[in-house]
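Novice: For reference, the chains in residue letters:
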Amino acid sequence: DAGVTQSPTHLIKTRGQQVTLRCSPKSGHDTVSWYQQALGQGPQFIFQYYEEEERQRGNFPDRFSGHQFPNYSSELNVNALLLGDSALYLCASSLYWGANYGYTFGSGTRLTVV
Amino acid sequence: AQTVTQSQPEMSVQEAETVTLSCTYDTSESDYYLFWYKQPPSRQMILVIRQEAYKQQNATENRFSVNFQKAAKSFSLKISDSQLGDAAMYFCAYRSEGGGADGLTFGKGTHLIIQP
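These protein sequence lines are chains W and S, in that order.
Each residue of the first sequence is one higher than the last, beginning at 1 in the numbering used here.
Each residue of the second sequence is one higher than the last, beginning at 1001 in the numbering used here.
Calculated from the structure, these hints are not laboratory results.
Ideal placement from N, C-alpha and C gives every residue a C-beta, glycine not left out.
There could be a bad hint or two in this list.
Stated by the list, open to error - Covered stretches of chain W (chain S as the covering partner; in silico rule of three or more C-beta atoms under 8 Å from a C-beta of chain S):
no.: 1; segment: 38-45
no.: 2; segment: 48-61
no.: 3; segment: 86-93
So that you can see chain W by itself, here it is in the shape it has in the complex (with noise of 0.2 Å):
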């Protein structure tokens, strides 16, 4: 049974550009939850979506965009990105009426801004 994958595992970009991030969630699962974990830091919530909308969003700036597509999957964009973008990004899937039930995460994207 797949787990939560998520692509590329590595990623460099400039500031000012723009980048796309992608995870796959739990099969079975229907909600797709992004985290940016800062080093040496927990994660923060950015936002969560279900049923392809935008369901909760964390305080993250409206650099911050996602996606989720008939199959679940989910896409991360941030545009015009900072120094302070760098970190880890973390997919979580879940079941929308099951969440309490706990998250099942990838092992995510560490992205780096030069």
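Given chain W, put chain S in place with the hints provided.
Specialist: Frame of chain W; chain S shown alone:
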């Protein structure tokens, strides 16, 4: 907004011994869920144990157990018979009961070192 505090940046324990990781949280809600996640060097967050706030009984999963003190807003993790594979970052997380859309609020983590 809820906050989660882990006051121990790093803990060290001898193999086969018991260690307790601390977590406190701040919330005005009465119904919520608490989690402990493990993050090894592979970076994947792995669910260790979960606790529903409305349950008085402390959750247990094999060698892992929690001490949930709702009035004190405390949620500590006890690892018994520590093994080398337990070495990782451990994160305490909070989730509102309000529905499917709420994300997790994490603490800053505790780095657990297992001494052979």
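Novice: Each hint: holds or not?
Specialist: The hints, checked one at a time:
1. 38-45: With 6 residues close enough to chain S, the hint holds.
2. 48-61: Coverage by chain S holds for the segment 48-61 of chain W (5 residues, Cβ < 8 Å).
3. 86-93: As far as the segment 86-93 of chain W goes, the hint holds, because 3 residues have Cβ atoms under 8 Å from chain S.
Of the hints listed earlier, there is not a single one the structure fails to meet.
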